[in-house]
Amino acid sequence: MIRAGIRRVFALSLRGRRRWERDVEEEIMLHLTLRAEQLVAAGRSAEDAYAEAVRRFGPLDESRARMFDAARHRERHMQRTEWLADARQDLRFALHTLAGQKLWTAVTVLTLALGIGATTAVFSVVSTMILHPIAYPHADRIVLLYQQPSSGNNTGLQVTILPSARIMRAWRADAHSFEAIEAYNAGTAGMETDGDPSTVNTARVLPSFLSFAGERPLIGRMFTDGEAASKSHVVLLGESIWRQRFGSNPNVLGKYITLDGASYAIIGVLPAALQLPSASRNSSDMWLPLDIHDDQIGMYGIGRLRPGIATETAQRELDSIQTRIGNIQGDHATLNSIVMPPSSRVSYRDSLMLLTWAVALVLLVACANVAHLVLARSSTRQRELAIRAALGAGRWRIVRQLLAESLLIAATGTALGVFAGWIGLHVMISLRPSSLDSLKAARLDGTTLGIALAVGIASTVVFALLAAFRSGGSSSDALRTGSLTASSSRAQRRVRGLLVVTEMALSALLIVGATMLVRSVINLQSAKLGFEPHGLYSIKIPFEEAHISAPAARAAFTKAYLDRVRRIPAVTSLAATTSPPGWFFFDIGRLEIEGQPAPPATSTSFITANQTQNAFFATMRIPLVRGSLFTDTSATSTQVIVNASFARKTWPSGDAVGQRIRIVQTDSEPWLTVVGVAADAQTSGPLSEATAPVLYLPPGDRTWANVIIRTSGGAASLAPAVAILRQMGIRRPPTPASAEQVVDKAIDAPRFVMLLLTTFTVLALLLAAIGMYGVMSYRVAQTTREIGIRIALGATPARIGRTVLGSGVALAVGGAIVGLTAAAWGTRLIQAQLYGVSRLDPVAFTVGAVVLVGVAVLACVIPTRRALSIDPVSAIRAE
Amino acid sequence: MPRLTVLKGTLDVLVLRALSWTPMHGFEIVDWLERAGSGRLDIDDSALYQALYRLEERGLLAADWGVTENNRRARYYTLTPAGRTFLRAETKQWMQYAQTVTTILTAGKDAVPANAT
Chain A
1 MIRAGIRRVF
11 ALSLRGRRRW
21 ERDVEEEIML
31 HLTLRAEQLV
41 AAGRSAEDAY
51 AEAVRRFGPL
61 DESRARMFDA
71 ARHRERHMQR
81 TEWLADARQD
91 LRFALHTLAG
101 QKLWTAVTVL
111 TLALGIGATT
121 AVFSVVSTMI
131 LHPIAYPHAD
141 RIVLLYQQPS
151 SGNNTGLQVT
161 ILPSARIMRA
171 WRADAHSFEA
181 IEAYNAGTAG
191 METDGDPSTV
201 NTARVLPSFL
211 SFAGERPLIG
221 RMFTDGEAAS
231 KSHVVLLGES
241 IWRQRFGSNP
251 NVLGKYITLD
261 GASYAIIGVL
271 PAALQLPSAS
281 RNSSDMWLPL
291 DIHDDQIGMY
301 GIGRLRPGIA
311 TETAQRELDS
321 IQTRIGNIQG
331 DHATLNSIVM
341 PPSSRVSYRD
351 SLMLLTWAVA
361 LVLLVACANV
371 AHLVLARSST
381 RQRELAIRAA
391 LGAGRWRIVR
401 QLLAESLLIA
411 ATGTALGVFA
421 GWIGLHVMIS
431 LRPSSLDSLK
441 AARLDGTTLG
451 IALAVGIAST
461 VVFALLAAFR
471 SGGSSSDALR
481 TGSLTASSSR
491 AQRRVRGLLV
501 VTEMALSALL
511 IVGATMLVRS
521 VINLQSAKLG
531 FEPHGLYSIK
541 IPFEEAHISA
551 PAARAAFTKA
561 YLDRVRRIPA
571 VTSLAATTSP
581 PGWFFFDIGR
591 LEIEGQPAPP
601 ATSTSFITAN
611 QTQNAFFATM
621 RIPLVRGSLF
631 TDTSATSTQV
641 IVNASFARKT
651 WPSGDAVGQR
661 IRIVQTDSEP
671 WLTVVGVAAD
681 AQTSGPLSEA
691 TAPVLYLPPG
701 DRTWANVIIR
711 TSGGAASLAP
721 AVAILRQMGI
731 RRPPTPASAE
741 QVVDKAIDAP
751 RFVMLLLTTF
761 TVLALLLAAI
771 GMYGVMSYRV
781 AQTTREIGIR
791 IALGATPARI
801 GRTVLGSGVA
811 LAVGGAIVGL
821 TAAAWGTRLI
831 QAQLYGVSRL
841 DPVAFTVGAV
851 VLVGVAVLAC
861 VIPTRRALSI
871 DPVSAIRAE
Chain B
1 MPRLTVLKGT
11 LDVLVLRALS
21 WTPMHGFEIV
31 DWLERAGSGR
41 LDIDDSALYQ
51 ALYRLEERGL
61 LAADWGVTEN
71 NRRARYYTLT
81 PAGRTFLRAE
91 TKQWMQYAQT
101 VTTILTAGKD
111 AVPANAT
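For the record, the sequence lines run as chains A and B. Take 1 as the starting number for the first sequence in the working numbering and just add one per residue. Take 1 as the starting number for the second sequence in the working numbering and just add one per residue.
Take the hints with a grain of salt, since some may be wrong.
What follows is a list of derived Cβ distance ranges for each label pair [claimed, not checked]: (1) A/62 with B/92: 31 to 41 Å; (2) B/85 with A/86: 20 to 30 Å; (3) A/58 with B/73: 15 to 25 Å; (4) A/445 with B/9: 32 to 42 Å; (5) B/9 with A/58: 34 to 44 Å; (6) B/38 with A/92: 52 to 62 Å.
Partial pick of chain A residues on the chain B-facing surface, computed with a CB cut under 8 Å [unchecked claim]: (7) 30; (8) 31; (9) 66; (10) 71.
The set of hints was computed from the structure by calculation and includes no laboratory data. Cβ coordinates follow ideal geometry from the N, Cα and C atoms, glycine included.
Using the sequences plus the hints, can you model the full thing?
Put into structure tokens, the structure is as follows:
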């Protein structure tokens with residue numbers, strides 16, 4: 001009665017509140033009730049007692065609010081503690097459970113680790129090289145600026161041209177599509193410290209480049225526009241050379257160093273983070289002012305687009321500016337502007353993308369594996385879970401338990417995987433081909449780690465949850481039938497079969513691709529190049545360093561050098577040339593052929609022209625197929641030797657010898673008479689165009705800087721050739737370049753890609769085999785009783801074996817059919833990287849099918865033997 | 001009879017002391033304190049509850065719902081081991097303090113020892 005009164009008086013509602021609020025209200029109410037009762041017992045009237053109880057309680061609203069606060073706090077704290085305690089218990093239990101199934105746990109964790117490891121390693125490379133190639137501010141709007149001949153490039157090479165200073169100035173002044181355009185150049189210089197010559201990497205930039213790249217000098221200052229324009233001899237050191245060669249000494253400021261014989265004042269040090277946009281370059285040691293008013297030089301361009309401007313728009317604007325000021329080559333060549341994001345200029349971008357796809361397939365196989373490992377386990381645990389549910393474990397509690405186990409596996413697998421990925425990345429970096437040197441910048445970054453984590457958690461947790469919810473549905477069945485096979489429903493069996501087929505299909509796809517690449521590389525290595533790289537070396541005479549610039553002096557120097565090298569015993573032949581293996585030399589003009597209509601003015605093109613001596617052909621071992629060598633090698637000679645493809649293309653029906661051609665620039669050029677036809681030669685390796693036209697011209701009055709030498713000894717036999725250069729006054733003579741290495745280097749990238757793809761294929765195959773093994777073992781275990789009955793009824797071991805093996809092979813064949821079909825379509829992605837292999841190469845497809853089925857049979861061996869060893873009596877009695 | 005206002009900070013110790021015998025609910029504690037203090041302590045009932053909540057949050061008390069002799073649901077407070085330790089330390093400190101203050105207030109001028117210099 002009193003309680004009701006209290007409730008009425010204070011309007012305390014006990015409904016619709018949170019628990020802790022209700023608790024507080026109830027406690028206060030009880031207090032007031034007891035106090036009032038106490039007062040009534042002491043003789044007060046009921047009404048009076050309520051009033052007094054409230055008075056004694058003090059400020060009711062205020063204290064209630066405070067008590068609410070305290071209670072809420074307490075509640076939260078308790079929940080947290082409880083949750084933590086539960087989590088700890090879950091984890092401990094999970095550890096215990098997993099420890100009881102060591103093999104299953106190890107296989108699952110390793111599968112996950114392999115998949116994540118491979119993905120992490122490759123994605124680190126992709127992320128560094130393709131997604132974040134240049135680390136300047138607003139990198140998404142950074143574009144590289146080039147020019148390309150708009151037509152008539154028939155050199156067989158992709159030619160990009162550095163815009164001239166004049167064009168660069170116009171672009172900088174007038175292009176509105178850009179927030180900023182920067183120009184730069186890179187090179188090397190000879191530095192002398194204490195009479196010790198060494199070569200350093202130089203970068204030439206404008207003062208504004210520093211803010212464009214978002215950096216500032218470590219010490220000192222950047223040069224000014226004035227200094228750049230007045231060609232001041234000032235230099236900023238790169239951080240690494242400052243630390244290594246100058247002992248991080250801040251007093252270098254104001255000191256002088258000698259670069260290429262001239263003295264430069266050091267005015268600052270730039271941080272190592274500042275890099276030129278071409279990522280493959282080594283870090284710049286010396287930062288020098290770029291003279292943007294020197295119209296003799298070309299320069300690299302890089303720009304930051306205004307937000308929302310498309311590259312096409314920018315390209316059109318640059319083109320129109322260029323048209324307005326006229327081409328630097330006058331009417332000789334028409335050039336287009338090229339505006340492209342740095343990522344599209346990454347070398348072997350296609351190969352990297354291919355590897356990304358490959359590794360994604362590996363990851364898929366790994367996930368499929370984890371999925372059916374989890375599924376298989378969950379079904380064998382149906383009974384355990386059902387018992388726990390029957391003993392009163394809530395559904396959520398069971399789900400939590402499964403979650404804890406999955407998270408534990410995911411965490412271990414991911415950690416191992418990231419570690420494996422880190423190792424893999426470093427292996428990749430150390431194996432990198434020289435043409436993919438920028439690979440060394442690859443790092444494990446946040447994005448990659450995030451993806452690895454997401455994949456790890458998703459693949460385990462999602463399937464564990466699926467399994468959990470399914471198991472919840474059939475828990476009572478599992479108990480009632482009391483049979484292990486209760487849960488092995490037809491649907492589940494189908495899901496597992498499907499997973500194996502998927503894995504097999506993905507593996508087949510990879511095997512086909514890898515086989516094609518292996519065959520490509522074999523073809524590349526054994527390709528007929530049309531010349532003999534073995535024993536062939538080239539030396540570039542560094543005229544600039546020796547300050548020999550007059551053509552006559554260069555020619556005299558070369559002749560003297562050739563005469564002395566010829567006397568080295570091991571040297572069998574040698575020649576001077578503009579184009580040693582690995583190098584091209586172009587003439588620009590219109591190629592006119594006598595007796596054929598003159599080419600239009602717009603057909604100005606690049607023509608590979610090698611100015612060389614007769615001995616070139618013998619030294620290279622390029623045979624002449626028709627005609628003769630030059631008979632006139634004077635400066636006024638008008639003879640030319642062409643390559644076979646050019647001859648065949650130009651004079652398909654007749655003899656090339658005696659025909660006349662000329663390269664027109666100003667229309668005053670003389671006609672050249674073809675005296676011989678040389679066989680086609682791929683002097684830059686098998687990947688260069690074999691049939692591009694090449695003209696060989698007699699030495700004339702041009703000066704060649706390169707000497708090719710054929711020696712019967714190895715590189716060591718050419719040590720005298722280097723010594724001779726030194727005797728002739730060259731202080732830093734170059735080492736002879738091996739033609740074999742040039743050729744080898746040309747295919748080291750395909751070889752690298754092939755190696756990685758093969759690794760991933762083996763990995764995927766291994767995982768798929770584990771998957772197949774798992775499923776087959778599981779099937780045998782599930783059907784132990786059935787097999788036992790069949791043996792008891794007289795089935796021969798051969799019959800039993802055939803059944804088990806047959807179902808495994810059926811899965812593999814299913815996978816192979818799907819995989820090979822996918823490969824027939826998917827190999828178009830790698831078509832561009834194939835050499836001498838059709839994209840429907842029957843060998844690759846056969847290998848794919850045979851290897852796949854072979855591996856599947858191997859994976860079935862143990863489960864089959866287990867099936868054969870089943871003892872019918874115990875198998876039937878076991879249930 | 002003059003009523004004494006409870007000094008700041010001492011209510012906590014008094015509450016812990018009350019609970020050192022047996023678990024009690026809020027009203028029992030108030031009742032005990034009033035009787036133990038011979039009705040001379042002037043405590044707002046609400047202040048007591050705030051003290052209880054505060055002590056519970058600090059882990060010196062634990063609380064759980066129970067049933068009174070008259071079958072009413074009530075929140076019973078128990079001293080935790082931490083609370084007991086705290087009570088012992090506080091009591092000791094309080095006794096020393098009270099003794100010192102008492103000594104000073106009751107001593108004659110000469111009773112203060114002379115400086116040893």
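**Prompt:** Quick one: are residue 9 of chain B and residue 58 of chain A within 34 to 44 Å, going by C-beta?
**Reply:** violated (18 Å)
**Request:** For residue 85 of chain B and residue 86 of chain A, compare the CB-CB distance with the range 20 to 30 Å and indicate the outcome.
**Result:** holds (29 Å)
**Request:** With respect to the beta-carbon atoms only, verify the hint that residue 62 of chain A and residue 92 of chain B lie 31 to 41 Å apart.
**Result:** holds (34 Å)
**Request:** Against chain B, run the beta carbon of residue 30 of chain A and see if the smallest gap drops under 8 Å.
**Result:** holds (5 Å)
**Prompt:** Is the hinted range of 32 to 42 Å satisfied by the C-beta distance from residue 445 of chain A to residue 9 of chain B?
**Reply:** Violated - the Cβ-Cβ distance for residue 445 of chain A and residue 9 of chain B, about 55 Å, lies outside 32 to 42 Å.
**Request:** Grab the minimum C-beta distance from residue 71 of chain A to chain B and call the hint holds if it beats 8 Å, violated otherwise.
**Result:** Cβ of residue 71 of chain A sits 7 Å from chain B, so the hint holds.
**Request:** With chain B as the partner, please determine if residue 66 of chain A meets the hint condition of a C-beta pair closer than 8 Å.
**Result:** Constraint on residue 66 of chain A satisfied, holds at 6 Å.
**Prompt:** Taking 8 Å as the limit, does the beta-carbon of residue 31 of chain A come near enough to a beta-carbon in chain B?
**Reply:** holds (5 Å)
**Prompt:** Okay, residue 58 of chain A versus residue 73 of chain B on CB: inside 15 to 25 Å?
**Reply:** Since the Cβ atoms of residue 58 of chain A and residue 73 of chain B sit about 23 Å apart, the hinted range of 15 to 25 Å holds.
**Prompt:** Could one say that the CB atoms of residue 38 of chain B and residue 92 of chain A fall in the range 52 to 62 Å?
**Reply:** holds (55 Å)
Going through the hint list in order, the structure does not satisfy hints 4 and 5.
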